[in-house]
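These protein sequence lines map, in sequence, to chains L and U. Start counting the first sequence at 1; every next residue gets the next number (this note's numbering). Start counting the second sequence at 400; every next residue gets the next number (this note's numbering).
These aren't lab readings, by the way, just hints derived from the structure by calculation. Computed from a predicted structure; not experimentally measured. Hints are not guaranteed to be accurate.
[Stated by the list, open to error] What follows is a list of derived Cβ distance ranges for each label pair:
id : chain 1 : residue 1 : chain 2 : residue 2 : range
1  : L       : Gly229    : U       : Trp512    : 51 to 57 Å
2  : L       : Pro237    : U       : Thr497    : 35 to 41 Å
3  : U       : Gln428    : L       : Ala241    : 19 to 25 Å
Quick reminder that beta carbons are idealized off the backbone N, C-alpha and C, glycines included.
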Amino acid sequence: MTNDECQPGAPALAGRLYDPGVIFIVGALMTLGVVMVYSASVTVQGAGFNWRQWWNSPLKQGVFAFAGFLVMIVAAHVDYRMLAWEKKGDGWRAGLLLLLALGLLVAVLMPGVGHQALGARRAIVVPGVGFGFQPSELAKVLLVVWLAALLSRPYAGRPSGVVSRGDIRHLATGFVPALLSSAALIGLTAIEDFGTAALMGAVMFALLLVAGARWTHLGFTLLAGAGAGALLVWIKPHRIARLTTFFSDSPDVLGPGYQVHQALLAIGSGGWLGRGLGAGVQKYGYLPKDNNDFILAVICEELGVVGGIAVALLFLGLLWRGWRVAARAPDRFGQLLALGLTLLLVLQAAFNIAVVTNSVPTKGISLPFVSAGGSGVIFLGLAAGLLASTGRVRSTSPL
Amino acid sequence: MRIGGVLMVVAGLLLASGGARLAYIETRQGEELRREAGRQQTAQISIPALRGEILDTRGRVLAGTIRRPSIFVDPTLVQDAEFAAYSVAPVLGLDAATLEHDWRERRDDRFVWLKRRLADGDFQKLEKEFEELTQARRLRAFGVQYEPVRVYPQGSIAPHVVGFVGGELQGLGGIELACEQLLAGKPGKRLSTVDVARRRVRAEECVPATDGSTIVLTIDSYIQQVTQDKLREAVKKYEAEWGAAVVIDPQSGEVLAMASIPDFDPASAVPSDFEQMSAARQEEVKATWRNRAISDAYEPGSVFKPFIASLALEEGVVHIDEVFTINGPEHDFGRRTIRDTHPYAALAVHEIVSKSSNLGMGLIGARLGMERLYRYVRMYGFGDVTGIGLSGEHTGLVQDFSRWNPSFSPQSIPIGQEIAVTPIQIVTAFSVFCNGGVLLRPRIVRGIIGPDGETVADYSRPVPVRRVLDPQTAEMFRRQVLVETVTGGTGKLARLDDYQVFGKTGTAQIAGPKGHGYGSGHYVASFAGGAPSDYPRVAALVSIYKPTKGGYYGGVISAPVVKEILAETLAYMQVPPELTPADGPAGGRRGAHGETRERKRNDDVGGY
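Please work from the sequences and hints to get the whole structure.
Following this line, the structure appears as structure tokens:
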């Protein structure tokens, strides 16, 4: 596909609705999340619901999921091309979003603004309300939006040799700006949230690859990324402990290996069909972060391995819908946006499942739409909404 | 976008492998993980069974179980061990430094006893103070649990029979040990799923405890108390090493009282500082636990004579009025010289027994021969345990006659030497004279009542072992020979005003430490007796071992004890007096009334 195939004004909204598959799958995951987070949280918080203090209730996730679903629907109704950089000078919208993400990521690092929990400063506390939000959740979505816009902008300026200025294959004007802007976001995220940063790095790499970046550039980027990653592992001792634990033959199940071990116990004690909804025991204090990063273990304990596989299948369904949307997107921006968002969601899910099943070293990363937490479900709802919105316009040209 | 497709496929494969990994974990490790999770998530609490009671024959509680409060601590909940230890130590009367050290050492134990089995009064006082303290200082780690405690409401009544228990209420002696299984019951259990702090999430399985059974003894507290007290007095008065007494219902074989002195208090049988005691002191304490009436065998001496004489009469080897030429006071039987305390010229067989002539018995023994003597000894149950059902019963020592020495055993055995017997064996054998000639198994457990009040076992019927004597022989022997011992023989001090007592004295020399020679100057003073002579309701044996002061003859120091026990017991049992004052203590009345009754009983006994 080339840029000139993307004709301005070509099949506008054309009366089509956003992609219903994405909405349906994400809605199902959010619903599952509300139920399972309730099940996992009710043990500690009690079953009552108090409207005046709804954020202290296990039903809190219901409120978040509702908000996330609304955000998704609203975003699905918005024409995604609002964010595109189709004409020269349109880039300010996506650029503004990039700056917003950068600003928030810097803000969270400032003492007094950022809220520290479990050794990581990840959330910004909104004064007056009892909870905060995590800028990194927003940043990863905005990274995809920004890169999709940047990589689909009309090439400007004089042609330089074979490759025109601004083309991704052009190092100084194409590749480096894309890389640097992304690296800034990823780097800021990585300081406190290595898992999300790694995910963002993978998505960035995928987008650059799809956009047609040169292999040499990508190769050096990979090396640099690996070096940066190693450095980040090295500066936080608990990350090394997690690595050695993962590669150990007999991990210390009372020390760094405790969490994953308990997750495996949850999976094992659920068996194929599970102990029944609400009947899990590992959530009674054995499994840390049971309603969050390890919600899949609770799902497996209560709904069985079958339930866990069903979750994986839902994400596979999302992948299929995302691919369909990307393949049918009418313009380069839509394609890159759909592809990036789909990869973002699916890779995060795959990453989470891998952590819970002890396939990769423990890394704090949540299961999209399912894990407890407002920021995740709302901002990923935004991502899903944008994805669905991209599906509303159908490309007339073959890919 | 072809590259995009490849990336999508890769992402899809990653997801699929995650799902596959779940299935893999389940198939490969599922069982093992489930087991481990089960171990981690379930807690089993044992529900203790209430230990059964021990009752006397009239249902008085000799041993029972109550629950007493104990205070424990969960060291994991102690935030500041030093602060907590120094807070509670003064209230509990414990040493703070020890507590603190202990809690630090046993951090992971989750359960450490602080003070166990407080008396009710103490606890009420302590509870308030302790509660206020823990509230004020926000100490959450302490709790109270009620623990069963064994109590002996009548104090030291038949401690050797009842026995005692250890720290976990396990039986360590007497019935407590012998009937451990029945008394202990079966603990129940409660399986619960627990959270990480071991709090119950839900109950899984509950097996209620089966409480222990109640053991009803044949012992009567009153008779036991009398027996103990009289025996204790005698042991103290004569400064003896130990004393044993057994009171039996000779018609049924029920043991009414069984006493050993020294004794102990079952509530504190094991002193709290037992472990710190020297070995010698520990042995001393252990010696008080010894039930001499069944566990100690000694040479019985003259109290043994009736058994040999009665069977010699039964089998017609001698006649009751047959006169033996004694030519006392001593006589050489081969290498062995036997002496009498009085120089008799000649004695009839009944006089040989009532005057306890060693020479006369020696002559009878010589006529019987070893094989027959051995048979007689075994007929009366010597050399076998009686089967009373208490642990630690001694068989006594009866060597096979093939190992006897023909040159003096035929004379030694009839006078109660060269064999060792236990008090329970003597009193059991003595009952043969009282019940028409039947050897009964002595019984101390009358029945067992299950936890729900049902009868588990009824042992209230007499258990005959074998017929030893013909009823006529038994009766004649009792009425003529044994009564004569009390009226005109060595047992005069056992006489009662209202009842005709019969019996036999025994003063056995204790052999030297190597088992040879009787020169040690130590004696066992025994008296076996019963009353009334018409229809004996009670038989008793008192043996006093190594009296060192005020005499050593069985007829002098043991006979009065038996007399007092018989008097108290007969009065307590409301046995009608046999003698009127006119009869005088010396004359045995043999009325027609008594004869009829005796004959009737004999028929019963004959039916065994």
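The hints, checked one at a time:
1. One distance hint, 51 to 57 Å for the beta-carbon pair L/Gly229 and U/Trp512, holds here, with the actual separation near 54 Å.
2. Distance hint check: the CB atoms of L/Pro237 and U/Thr497 are about 39 Å apart, consistent with the given range 35 to 41 Å.
3. The hinted window of 19 to 25 Å between U/Gln428 and L/Ala241 holds, with their beta carbons roughly 23 Å apart.
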